[in-house]
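S.K.: Listed here are the chains, written in short residue letters.
There are 4 protein chains.
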Amino acid sequence: MMIVMKEGASPEQIDAVIARIESVGARAHPSRGELVTVIGAIGDREHVANLGLEGTEGVDHLVPILKPYKLASSQFKKGERTVLDVDGRRIGGPHFMTIAGPCTVESREQLLDTAHVVNDAGGQALRGGAYKPRTSPYSFQGLAEAGLRLLAEAKEETGLPIVTEVMDARDLDPVLEVADVIQLGARNMQNYTLLTELGRAGRPVLLKRGLSATLEELLMAAEYILKEGNEAVILCERGIRTFETAYRFTLDLMAVPVLKDLSHLPVVVDPSHAAGRRDLVGPLSLAAAAAGADGVIVETHPDPERAICDGPQAVRAEEFGDYLRQVEQVAAIAGKEMARV
Amino acid sequence: MMIVMKEGASPEQIDAVIARIESVGARAHPSRGELVTVIGAIGDREHVANLGLEGTEGVDHLVPILKPYKLASSQFKKGERTVLDVDGRRIGGPHFMTIAGPCTVESREQLLDTAHVVNDAGGQALRGGAYKPRTSPYSFQGLAEAGLRLLAEAKEETGLPIVTEVMDARDLDPVLEVADVIQLGARNMQNYTLLTELGRAGRPVLLKRGLSATLEELLMAAEYILKEGNEAVILCERGIRTFETAYRFTLDLMAVPVLKDLSHLPVVVDPSHAAGRRDLVGPLSLAAAAAGADGVIVETHPDPERAICDGPQAVRAEEFGDYLRQVEQVAAIAGKEMARV
Amino acid sequence: MMIVMKEGASPEQIDAVIARIESVGARAHPSRGELVTVIGAIGDREHVANLGLEGTEGVDHLVPILKPYKLASSQFKKGERTVLDVDGRRIGGPHFMTIAGPCTVESREQLLDTAHVVNDAGGQALRGGAYKPRTSPYSFQGLAEAGLRLLAEAKEETGLPIVTEVMDARDLDPVLEVADVIQLGARNMQNYTLLTELGRAGRPVLLKRGLSATLEELLMAAEYILKEGNEAVILCERGIRTFETAYRFTLDLMAVPVLKDLSHLPVVVDPSHAAGRRDLVGPLSLAAAAAGADGVIVETHPDPERAICDGPQAVRAEEFGDYLRQVEQVAAIAGKEMARV
Amino acid sequence: MMIVMKEGASPEQIDAVIARIESVGARAHPSRGELVTVIGAIGDREHVANLGLEGTEGVDHLVPILKPYKLASSQFKKGERTVLDVDGRRIGGPHFMTIAGPCTVESREQLLDTAHVVNDAGGQALRGGAYKPRTSPYSFQGLAEAGLRLLAEAKEETGLPIVTEVMDARDLDPVLEVADVIQLGARNMQNYTLLTELGRAGRPVLLKRGLSATLEELLMAAEYILKEGNEAVILCERGIRTFETAYRFTLDLMAVPVLKDLSHLPVVVDPSHAAGRRDLVGPLSLAAAAAGADGVIVETHPDPERAICDGPQAVRAEEFGDYLRQVEQVAAIAGKEMARV
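Protein chains in written order, with my numbering: chain S, 1 to 341; chain F, 1 to 341; chain G, 1 to 341; chain V, 1 to 341.
Excised from the complex, chain S in its bound form (with noise of 0.2 Å):
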C-alpha cells in the first residue's frame, strides 16, 4: 500500500501515518518528493487496509500496490494454467470448450433434441437452466427440480455433461446430483455466503461476471470459491452494462486476454445474453474465439420461436454444426486444440 500524503502536510503529519503503519507491524518506508511524500506500508495488507488511513489528516489517498486476490492470480501457478476436466472433456490451456443448450429447460422432448444437436455437432457440454433468475416476478421462473429430472435424462442419452444453474444455497443439494459444472449468475456474482457454499461443494464452478463487475471484484469473488479449497472455477465474461442501448449488453472482449494476464483460470464467453439477437451470435463467437478465450457458452434451441425464454438469441439448431465449426476454425488460429473426446 502506498500512502500519498496531501501536498503541504507537515512532517507531524508524515510521522503521525508512519507511526500507525508501524503500530500494526507493518514497515513504512517514505519517499519525500519536491511537492508531496509517499508512505509506502509493507507488510499485512488486511491490517494496513483496516488502519483507516484516508481519513487521516494530510493524506490524500491511498494506491494498493498488490492486487487483493491471490489464490486466483497468475503468480500463485507462477504463470501455469489451470486445466479442468469435466467428465472426461478438458477446459483451459490449449482446450477450447463448446457448452451449448437451451437458455431454459422446458419440456423432455426440447431439451432432449437439442442435447443431441450439440452432441452430434461435436459440441462438448449441455447447459439449460432449471432455475431462472427473471427481472420480473410476473415471469416463468423455471421447472427447478423437475427440469433438474430432465437434464440428467439428457445426460444419460447423450454423455454430455452438465451445466445449470444454482441461484439459492438452500438449492444445491438437488442441482449436485446432477450438475457437472455449477454456473452461478452475473446477478448473483456478489452473493458471498453462495459462493461459500460452492467453495465447498468440491464441483466445477461456471462463474459469470456482474452487470458492472470489474474485473478485480470478479477475481475477488472465485477467491470465495477457491478460498474454500475448489479449485475449479471457470470465469465468464457476458457483457456488461454500458450507455449503449442498441444492444442488451456490451460484450467486453478485452477482458478475455486480461483475464488470462491476470488469471491462471479458464475464461469463456456467452455471446448470447450479451447480444439478445441470433444475428449477433456468429460474429461474437468468432470474436470470443479470436480474442484466446477457452470456451463459448451459448444458446441454441430446435425451435426458437416457440422458446419460453430467449428465443430470438438462441441459434438455430439445423445451424448449429456450422456455426461451431467456424468457431473452432477461429479457435485454432489462436492456438487451440478442440476439446472433443
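Because identical chains share one entry, a pair is satisfied inside a single copy or across any pair of copies.
Only pairs whose alpha carbons sit at most 30 Å apart, straight line, appear in this in silico DSS-like list of lysine-lysine:
1. K6 <-> K67
2. K67 <-> K336
3. K336 <-> K77
4. K77 <-> K67
5. K6 <-> K78
The hints are simulated quantities; they were obtained by calculation from the structure and are not laboratory data. Treat the numbers as computed from the prediction; the structure is a model and nothing was measured.
Assemble chains F, G and V onto chain S, guided by the hints.
M.R.: Positioned in the frame of chain S, the structure of chains F, G and V alone reads:
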C-alpha cells in the same frame, strides 16, 4: 407493446405478426406509416412478451408501453404516497427519517455510544451491520448473531428502531427477532429468492439500488417483495458505478424525484457509501434532502480512526448533532416535517 | 510517478528502470517489498511520462502521484477561492450566481420577454444560444449573428450580462462583441484548439463538463485556458452519461464538492439539460445549491410549448420567481450570500 | 413518432395532442389500450419533434420510430455495401484494409522506417499524426505542418496512401494536400462545424466514435458529412469509456456487426488506443477481424521504447509482418478477401 416493423417489411410479414399476436388472445392494432408499420399489441404483457417477436422476420424491434411493475407504481395508489410507521416513527409523504449508526457492529461500547449519540441528536433509527457483504473473503465479515444481540441491547437502551442487513435467507429468523427494518444490500438487489422471502417476512424492507441497476430494475425488485403481500418497502439510492474514479460511486440524486414520480414508495439516500469520504457526506446529505428524499441513512462513529470498516466515511459522533440540524433545515424547505417522535 | 514492478521482476529489470529514470534527470527511489518493488520517480512529470515505462520488461503498471493540472488546482491558490466579477456581479467564494434564459435565441420578443423575467426575479445573468450544437444536421442550428445582435439588445435593455456559446474559433470575434461569459459546450470540452483560443480571449469562460469526462479531464481542459493567461474559468456540471434510460443524463452532484476540493475555480450546475423535464429542474436546482454549487445555469421560457428547442425542460417564466427564491434559500443554508447587485 | 399518454390521461388531453400533431401537417393515429393510449404521429420527423410534446399535459413519453439518420442507413443503399477506393486500395464489402503506422510523426527516420515496414508486410495505408489532441496542454502537440511534409515524403517513397488527423478547420487546407483519408478524432466526433467542413472537402473521412457516443450518435455525425455530399465515410470503433479500470477504454466489438447492420458504411477497429498495451493488440485485432470489421487501424513503431507518444501500445516493427498474416487469416474466415493491390 408496440412492434416496430423493418422498413420494407412485406405485407405477409406484417400479417404473420398480427396473427401471432391474436393467437395469444391479444388485439393487434397496426399503424401503417410511409416508411414503417408499427403494430400495437393490446392485451396481457407477459403473453405478448413470451411470443419472442424480436426474432421474427420483418420485425425491427419492440417497444414496451406499459411499465412492468404494477404494485410499486404511482398509479397503483392513484397518486397517494405510502407512509410507513417504524415503531412509532414515520417515513414517506411529509415525513423525513434519519437512520444513523456505524457501518458494522464492532463492540458493545461502540454500538451503545453511537446509539446514544444518534438518539440524543434526534435521529429516528439506528443502523448497524451484523452480517457484512465484503468484496474480499479475507476481510472482517461481521459479528453475526453476537452483533444482533448487541443491536437488541441498543434498542432496549435507547428505544431506537433497528435497521440491519440480511444476506442469506437462512439467517432471516434471527434477524427478524431484532430488526424493525430489514436492509437488503445493493449486491443482493436481484437475489430473487431472498426478495421473495422478505416479501413473506412481514417487516419493512430497506431495498438498496444495485450498483448498476436501472430505476426500473429497482422497482421490479420491490415488486418481488410487494407481490408476496409485504407493502412496506423503502427504496434506497446509494450510488451507481460510472467511469469517474475520483469517488467510489456516483450518487444519483436524480433518482430521488424520478422514483417519487414513478412510485408511491418512500425514497431514502445513503450518502456514506457513495462518497467513502467524510467531507462529502454533509453536502450530499443536504443535497439529498433538497432533492426531496424521504430520509437519509448515514454512518456515524464515536472513533472513526479505529473503526473496523469504513471509518473514513463516518460522520464524527461529536459533529452529528450539527449535521442533523442542517439536513432537517433543508428538508423543511423541500416540504418535510421532521419525523421526530 | 510510482513505477510498480511485477512480482518476480529481476534485479536487472529493476536496475534498468532506475537507469532510465535517471537518464532524464529524475531521481529514482525504490521500495523493495516482500512481493513487489515500487520505484518512485521524483522529477519532471512530463519527462518521466514520456519514457513510456509501461511497456518496459518487468514493469506492472505506473501510478501517477502528482495531479496533472497545476494552475487549476487548489494548491496553486493555497486554498483561496477564485471570485469572478462578471460586469459587477460576483460568482465564487460566498457568491452564488443564477444564470437563466432560453436554450436558444429564437426571436426578439422571446428573448426580451425572458430577459425581463430573469432580471425582475433577481437573476444575475442571461443565457441564450446563438450557435447551437445539434446532434442532427437536420435540426435548427441557431440564429448565429442575428442571435448575437438580439442578445446585445437584451443586455442594453436589462443590464444583464450575457452568457452565450461559441462552437468554432472562426466565430469568436462576433461572440466577443456581445458575451460577458463565453460558454464552451460539453461536446467541445476537449476541442483543444478552441480551448487555447479562449485562453487568449480575455473573457470569462463557462466550461461544461463533457458527457463522459472525468473531473481530472475537466480540470485539464480548464488548464488549457488558464495556461494562456485567462484566469476566469467557471466549471459546469451538466450531467454525465450512464446506463440509466429514465433520464437524458445523470446529474453528478458529487462533482460539486469534489471539484471545489480539487480546484479554486467556481462550480455551477446546469440542471436543465441533464433532466430534460421541467418537473425535475426544481429539485435538482435545490440539490445543486445544497451541495455547495456557486451557481446554477437554468433554462426558462415565456412559452415553453412553442419553444424551438428544449421547451419541455424550461422553467415557466411565471414560476421563475418562486423557483429562484427557493434556490436562494437553500444556497443560504449552504453558506452563500446572494450575488444580487 | 409514437406519443405514449399517461395512464388516466383524459379524452381532452388526448384530443389536444392529436390537434397539435395535425397542426403541423402530420397524421395522428391513436391506439386506445385498456390502460394507456398511444398516438402515432405520421409525417415529418423534425416537425413533430419540434412540437415539444414531452412537456404537454397527459403525455408520458415519446418513442421515436424512424431512425434519425437517412443517408448513413442500410436502407438508403437498399442493403448494398459501400466500397471505397483509397488510391487504388479498397475497403468495405469483401475488402479488408490494414492501416498502420506510428501514433505521432516524430522524425523523418522514424516515419520512413515505419512506412517501409508497413508496406513490406502488406499493409495498405500509412497512419501518423501531425496534429495531436492531447489531454494535457503540457504534452507534445505534434509536428504540425512539418509532420505533414514528412507524411508526403513517406507516401512518395512507398506509395502508401496517408491517413492523418485534422483537429481544426483552419488546418484543413494543408492536411488536404497530403491526406488520402482524413481522420476525425474521438474527441471531435461531435464538432459539428468541422464535420460540415469535412463533408465539403471531397476526401474520405475516417470518423472515430466518441468515447461515450452511442452508435446512433456516431451515425448522426456521419450524416453531417454525408449531407454535404461526401459519401466516403469510414466508421471507426476505438473503445468506449466504462467503469473498468484495468484498461484505458473498453473496445466494443459488438459495434462492428451492429454498425454493419444499421449502415452501409465500412467499419474499422482501432485496437491500439483502447488497449494502451502491446500484448492486447494482437488478440483484439484478431477479434475485430472475426467480428466482421472491414479493417484495422493499428500503431506500429520501429523503436517503441523511444516513441514520444503511446510507445507501449505500438506493435514492434519486427513483429508486424506476423501480426498482419494472422489478422488476414481470421479476416478470410470472416469472409474477406484482402485488399492487397
